[in-house]
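These protein sequence lines are chains A and B, in that order. So for the first sequence, this note's numbering puts the first residue at 39; every next one is plus one. So for the second sequence, this note's numbering puts the first residue at 3; every next one is plus one.
Treat the hints with care, as some may be off.
[Stated by the list, open to error] Straight-line C-alpha distance at most 20 Å; calculated EDC-like pairs for lysine to aspartate or glutamate:
1) B:K206 x A:E365
2) B:K206 x A:E169
3) A:K46 x A:E362
4) B:K206 x A:D514
5) B:K206 x A:D166
Calculated from the structure, these hints are not laboratory results. As the structure is a prediction and not an experimental result, all values here were calculated from the model.
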Amino acid sequence: MSHPLPDKQRKARRQAWLKEAARAGGRWNGSATGLLCLDGVAAIGFAAALAGGLASIGQGVGAAWPWLALGVVAATGRGVFGSLSLRAGGEAARRAKAALRRRVVVASLGIPAGERPPVGSLMTSAVDEVEALDGYIARFLPARRAAALVPFLILGATAIASPFSAGILAFTLIPFVLALALAGGAAADEARRQFDALSRLSALFADRVRGLPTILAFQAEAEETARLAGAADELRRRTVGVLRVAFLSSGALEFFAALSVALVAVYAGFNLLGLLPFPAPEALDLPRAFFVLALAPEFYAPMRRLAAAYHDKQAAETAADRLEALEAMARTPAGGARPIPRAPAIRFQGVAVRYPGEDRAAVEGFGLDMAPGEVVALLGPSGSGKTSLLNLLLGLAPLTEGEVLVDGLALSEAGSFAPSIAWMGQAPLIVPGSIAANVALSRQDASAGEIARAVEQAGLDAVLRARPGGLDAVLDERGGGLSGGERRRIALARALLKDAPILLLDEPTAHLDAAAEAALIPVIREGAKGRTTIIATHSERLAALADRVVRLG
Amino acid sequence: MIAMHLHQLIAAERARQRPRLLVAGIAAAAVSASSVLLLGLSGWFITASALAGAAGIASAQAFNYLLPSAGIRLLAILRTGSRYGERLVGHDAALRALARIRPALFSSLAAAPPAVALGLSTGEASARLVGDVNAVEARFVGLSARWGMVASLVSGVALLHLAGPAPALATGAITAAYLLLASRLATGLQAPGREAQRAAGRLKETYATLASAAPELRAYGLESWAAGRIDVRSADLLAAQNDVTAGAGLFDLAGAAATGLAAVGALALSADQPLPMAALAALGAAMTVDGTAAFARGLERRGASWEAEARLDAVLGAAAPPLPARPAMAGAPVVRLAEPAALLRPGTVVAITGPSGCGKTTLLETLLSLRPVAPGRISLGGVDLAALPPGAARRCFAHAPQDAALLAGTVRDNLRLACPAATEAALWEALRDAAMAERVAALPAGLDAWIGENGARLSGGERRRLVLARAYLRPTPWLLLDEPTEGLDAATEERVLNGLRHQLARTGQGALIVTHRLAPLALCGSIIRMGEVGGRDGQQGPIAWTEQEFA
């Protein structure tokens with residue numbers, strides 16, 4: 039609490055973010071709340087049915103049956119409204135999560151390489167952290183809105199039967215709200231700290247599990263086990279104290295809920311006996327008194343439901359902070375320069391690429407002049423910046439210094455030359471579907487003839503002849519059954535199909551054995567014809583096909 | 003630690019926490035019983051008061067109102083106090099159990115075969131393990147709910163017995179039917195729950211595949227296409243979750259219908275009873291069902307909790323029996339590689355080079371017994387590595403891994419991992435030799451600076467140097483350095499290599515240095531070149547060394 043203002047601002051921003059995320063639930067948000075309110079109405083009906091039933095049961099079940107039937111209907115109605123509210127809340131959450139996930143996915147794909155968190159961490163954000171909003175939208179928000187309305191519905195119904203009892207309920211509400219206002223803030227803080235402490239312990243455990251290879255390598259199992267035990271034990275000792283306070287707010291809720299029932303019961307009983315120590319404010323009869331009593335527990339029920347959903351809120355807030363940070367890292371990719379019609383000249387002038395937060399520039403003072411249609415091999419060990427130079431042309435790496443000119447067009451102005459580039463890497467993208475569909479990823483409007491031509495140019499047709507189904511053979515998610523060489527040929531066919539004037543090849547023969555590499559090299563040489571081509575590689579054999587070899591590192 | 007089954011672990015903790023769980027259970031029982039009695043008594047009191055009041059003032063005066071009204075207030079207080087006690091003691095017991103289960107689990111994981119540890123180093127696997135552990139803890143907190151359920155049933159049936167056996171039996175039967183139905187629903191929910199989990203897995207897989215292909219997505223303008231594909235998977239997941247929600251809604255429906263039926267049934271069945279008894283029966287019956295709702299909702303999570311335990315059991319069950327102990331190796335061992343034949347004498351500095359993916363990192367991890375090794379491939383001090391207990395091999399090596407893995411904690415925590423007894427001076431010397439001392443000295447908290455999860459507050463090069471300093475602190479005959487200077491600028495690389503030279507001269511350690519860069523080769527007496535030998539077209543072979551040469 040030492041920085042109240044930034045904290046407050048952060049809270050306000052987080053609330054606005056969550057509100058915005060929940061908005062995608064549309065009218066289902068309202069439906070979930072409305073159905074919870076109907077549940078309150080049905081509760082009133084149930085209390086009335088019990089009171090009416092009791093008043094008429096003396097004359098036998100025959101006289102009481104309409105009330106008893108109402109009781110069954112009202113109770114079932116509560117169940118129906120409750121479960122429909124859950125479904126409506128679920129639908130609101132589904133829509134909100136779908137929209138949010140779409141946003142997070144687009145944002146995460148738009149984070150520039152180098153600034154990008156590892157794929158695993160992005161995946162956690164896009165899947166699990168988006169899921170953390172589920173309980174918040176499906177349960178917490180409807181419960182909060184209903185908690186602002188239903189108690190007053192109950193109060194109103196009570197007031198019709200017994201204004202004084204309504205007064206008693208309202209009277210217990212005042213100290214309850216005061217208690218929450220006085221202790222509640224502190225209790226909520228304590229609860230939040232408790233939640234944080236638990237998640238820290240959980241994070242420590244996760245960290246040590248992830249770091250297990252390191253711990254094993256250093257034979258520190260015993261020390262780290264003791265550390266985990268110590269941290270868990272310390273959390274326990276601290277937490278029990280915290281919980282004493284944290285449970286006070288739920289204790290207050292319980293206390294006032296029980297107190298309201300007890301006060302209403304005692305008042306109604308004394309009123310009926312005519313033994314009130316003060317002049318009776320109203321004349322009660324049994325049905326009314328019983329109605330009021332049966333309704334009393336419902337007065338605090340919405341607030342108890344809200345308290346039960348409190349963890350959903352905390353989980354959503356934690357996720358909101360992380361997702362907001364992720365979205366802030368995203369940049370809309372530059373549209374890129376218009377497609378260039380034929381193989382361009384490319385000139386790198388004093389180019390430096392430095393990723394934020396890194397000590398060393400990935401590339402520094404790089405210069406290269408390429409004639410239209412020239413094939414250049416960048417040869418060098420990993421980490422020498424080859425891939426960064428290729429990413430630079432796609433707008434996936436930051437141009438920190440210098441300039442790249444493609445047919446005189448400046449990269450710093452265009453942002454990217456992606457529309458004029460065909461790419462092939464060492465781990466080509468394979469998606470479930472036919473081989474033809476995989477090839478056509480680069481140009482989804484390509485005709486079967488164009489695909490067949492690209493497949494032939496890439497030397498894929500010879501390979502496919504041996505495979506049942508040929509081009510129409512369906513691949514699974516992992517591209518199971520494809521050899522490394524086949525994958526590269528699919529990627530090459532994909533690149534050739536785009537028919538772009540610039541061809542970028544990033545380690546196209548890495549992890550291939552000598553024979554597979556030898557078979558691929560002539561195909562690459564053919565494909566590079568008529569295109570300004572850059573090949574990043576550590577293979578001398580591959581580099582030998584280039585017009586010029588540039589050594590890096 | 004010996005392999006231990008999770009249910010044994012949980013049973014042991016339950017036994018240990020029995021007194022607290024007992025108190026929490028009794029408190030839960032008191033909550034349920036006092037809720038049932040509070041409403042039942044209140045209903046009886048109001049109705050009896052109405053009858054007495056209607057019978058005239060004399061009858062009202064004669065009515066003993068003190069006892070019931072005092073009872074009502076007492077029950078209200080008892081309910082509140084018990085609920086508070088139940089939560090506090092229940093959480094205390096769970097936290098105490100947690101404080102022992104987590105370390106025990108961790109220790110079992112550490113004893114499991116090496117593949118388990120490496121498998122968990124991906125965020126996804128460790129996150130699932132942590133989620134499973136959390137599910138086990140949640141079970142501990144929920145243990146008292148069954149006491150509440152039993153107390154609710156017993157006190158409800160006993161109270162309703164005052165209004166005759168019929169309402170008591172009916173309420174008991176309706177409650178039992180409700181619990182049975184809830185159990186059935188919970189079983190029915192397991193399949194949609196698993197389907198939702200599988201859909202989440204498929205979504206993650208699709209996301210990971212597409213997010214790893216950034217250059218292709220950009221070159222072919224496929225970013226929004228990729229987002230669309232992920233969206234389809236996301237929709238599958240959300241649809242699967244809808245089935246779960248629909249099933250969960252049935253719990254609410256069943257609970258509310260059972261409450262209404264019990265109240266109405268008890269009222270109808272006590273028609274021949276005095277009116278106050280009928281009132282008692284109606285409200286008491288409603289609260290009896292209500293008091294079992296917490297337990298019924300707990301059943302909803304039962305399937306997930308069982309699956310979590312089964313998964314944890316699979317991890318723990320895989321723990322290997324400890325290998326027979328062997329005498330510790332005396333002095334510095336010779337490392338012999340079978341394929342290619344290479345003999346590395348203590349104190350020699352050897353570079354390992356070769357294209358990425360040829361198994362250099364794997365070789366270091368194999369030496370550390372982090373990966374299984376076939377007999378006859380590697381020997382250490384004349385003993386086959388495959389026959390050595392992992393501890394004996396690890397004692398010989400200090401590792402600076404390529405991914406520069408650090409633990410969440412302070413600089414000191416991370417350095418002490420290598421040598422818990424290291425003095426302040428030793429820590430600084432290691433940092434100096436890793437060219438990291440100035441950087442740490444500049445941190446506001448120095449050695450006690452928090453470096454974040456996996457050193458997130460440091461740059462890539464700083465992490466690498468800190469990992470190097472950590473390796474220097476471990477007094478072993480061999481250093482295993484995986485790309486020690488990758489990502490460093492030339493000047494820093496020079497300082498790091500000077501520091502390494504100093505460290506080697508001071509300790510007489512031998513070193514295996516995996517490197518792509520040229521500068522470290524200057525320190526090395528020999529070079530092992532690892533090649534690409536594959537079986538078929540493009541398939542990576544296992545660890546293979548094709549060629550080695552000694553300079």
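Each hint, compared with the structure:
no.	hint	result
1	B:K206 x A:E365	19 Å, holds
2	B:K206 x A:E169	13 Å, holds
3	A:K46 x A:E362	16 Å, holds
4	B:K206 x A:D514	15 Å, holds
5	B:K206 x A:D166	9 Å, holds
In summary, the structure agrees with every hint in the numbered list given earlier.
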